[in-house]
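J.: Listed here are the chains, written in short residue letters.
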Amino acid sequence: MNIRLLIVCALLGSASLFVRAEDGPIWTHRAAQGAVVLTANPLGSESRIAFYGARGFPEATILPYAQACGFSFGMQNGSANKLTTRLADWHAVSADGKHVALRLPEAWDMEWVKSGVSEAARIAFRWAQFQSENTFEPGDWIMGMATLEVPPSGTFRLVARYRDDKGNHEIALDKLSCAKD
Amino acid sequence: MTALPAPMPAPALRLPDNDVKPVDLAGYRGKVVLVNFWATWCPPCRKEFPSLARVRKRFKPTEFEVLAVNVGEDPDMVFSFTGTTEFPVLFDRDSKAMGAWPVKGLPTTFLVDRQGRLALKAVGGREFDDPEIVAIIKQLLDS
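Line by line, the protein sequences give chains A and B.
Using the working numbering, the first residue of the first sequence is number 1, and each one after it goes up by one.
Using the working numbering, the first residue of the second sequence is number 182, and each one after it goes up by one.
Just so you know, not all the hints are guaranteed correct.
So, partial list: chain A residues that the calculated Cβ filter (under 7 Å) puts toward chain B [claimed, not checked]:
#, residue
1, Trp27
2, Glu59
3, Ile123
4, Ala124
5, Trp127
6, Gln131
7, Glu137
8, Ile142
Okay, derived cross-link-like pairs now, BS3-like style, lysine-lysine, Cα gap no bigger than 25 Å in a straight line [said to hold, decoys possible]:
#, chain 1, residue 1, chain 2, residue 2
9, B, Lys285, A, Lys166
10, A, Lys166, A, Lys82
11, B, Lys238, A, Lys82
12, B, Lys319, B, Lys302
13, B, Lys238, B, Lys212
14, B, Lys277, A, Lys114
15, B, Lys302, A, Lys166
16, B, Lys228, B, Lys319
17, B, Lys277, B, Lys319
18, B, Lys319, B, Lys202
19, B, Lys285, B, Lys228
20, B, Lys212, A, Lys82
21, B, Lys238, B, Lys285
These are computed hints drawn from the structure, not numbers from a lab.
Don't be surprised by glycine CBs; every beta carbon is placed ideally from N, CA and C.
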């Protein structure tokens with residue numbers, strides 16, 4: 001495996017080069033609501049610059065994204081019901097009670113269009129994100145990156161909403177913090 | 182894997198393989214085909230990839246095939262992960278082919294039946310030689 005590949009795989013699987021479990025990446029944060037599981041790892045800026053740089057993003061262009069408070073999320077539907085998520089319904093709650101929204105991938109993509117980022121790089125970016133809207137059939141497992149609009153101060157709670165045929169539900173990841181680098 | 186509510190014709194899929202030779206899904210009509218959209222940077226894609234070769238070995242090549250569609254990467258990078266495979270790895274460099282399929286994230290996998298229809302779908306990593314999936318493929322072959 002070449003070094004480029006090592007860097008990019010470490011990026012989505014974990015915040016740093018953590019030991020990888022046999023059955024997938026190790027997550028620093030995990031929460032469950034019944035059989036629905038949400039996991040997250042904070043993402044540092046250097047790893048994101050390396051990842052997107054390898055996919056055609058000039059460093060200066062990707063820098064605002066790389067420096068944003070970002071995470072790799074994984075969500076798995078172990079229930080017997082179909083569920084849906086909208087990233088616009090997720091938010092962070094800082095220790096002082098302030099709510100911070102997530103920045104949708106489409107908002108970043110508008111920046112890339114303005115900056116003249118190549119279509120190939122934009123495609124790589126698009127598919128590496130946790131999508132704005134997802135549908136999880138039973139057994140489905142989706143991973144992707146996402147960023148907050150602004151970095152909350154200190155640790156915070158991430159509230160992720162999803163909907164199934166019984167109504168709306170929430171999973172909360174506690175004591176999250178932005179990566180330091 | 183989840184059965185699609187009503188099997189629909191699989192969208193067109195004609196892409197170059199590692200040798201830049203075009204491979205067309207339509208050429209596999211009569212076989213059950215597992216179409217896997219993936220990328221090397223995607224951990225669940227990497228984890229499930231070896232199981233594509235394993236499940237392929239469970240069936241006759243005259244009845245079943247695997248097409249692994251890499252999205253947006255260059256063949257050198259992909260080959261450094263896959264090495265030589267017994268099944269075609271196709272390259273959707275601009276993700277236009279994938280855009281025609283009901284894919285919202287990677288990995289996404291479809292089972293295409295003998296009639297060329299999308300029969301089942303799975304989003305996220307799977308072990309494709311899991312007995313449950315092998316049984317589903319057998320069922321498709323027998324139907």
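J.: Verify the proposed pairing of Lys277/B with Lys319/B, using a straight-line Cα cut of 25 Å.
T.: Outside the cut-off at roughly 31 Å; violated.
J.: Holds or violated: are the alpha carbons of Lys285/B and Lys228/B at most 25 Å from each other?
T.: Within the cut-off at roughly 19 Å; holds.
J.: Against chain B, run the beta carbon of Ala124/A and see if the smallest gap drops under 7 Å.
T.: holds (5 Å)
J.: Checking one constraint from the list: CA of Lys238/B to CA of Lys82/A, max 25 Å. Satisfied?
T.: Cα-Cα ~32 Å, so violated.
J.: Is Lys238/B within 25 Å of Lys212/B, Cα to Cα?
T.: Distance ~14 Å between Lys238/B and Lys212/B Cα, so the pair holds.
J.: Is it true that the CA of Lys277/B sits at most 25 Å from the CA of Lys114/A?
T.: holds (22 Å)
J.: Decide if the proposed pair is consistent with the structure: Lys228/B and Lys319/B, CA atoms, cutoff 25 Å inclusive.
T.: Since the Cα atoms of Lys228/B and Lys319/B sit roughly 23 Å apart, the hinted pair holds (cutoff 25 Å).
J.: Minimum Cβ distance from Gln131/A to chain B below 7 Å?
T.: holds (5 Å)
J.: Quick check on the hint: Trp127/A CB to chain B CB, less than 7 Å?
T.: holds (6 Å)
J.: Please verify whether Lys285/B and Lys166/A have alpha carbons no more than 25 Å apart.
T.: Distance of about 24 Å is within 25 Å: holds.
J.: Grab the minimum C-beta distance from Ile123/A to chain B and call the hint holds if it beats 7 Å, violated otherwise.
T.: Ile123/A check passes; min Cβ-Cβ to chain B is 5 Å, inside 7 Å.
J.: So if I understand the rule, the pair passes when the alpha-carbon distance is 25 Å or less; does Lys212/B with Lys82/A pass?
T.: violated (29 Å)
Against the hints set out earlier in the document, violations occur for numbers 1, 2, 11, 17, 18, 20 and 21.
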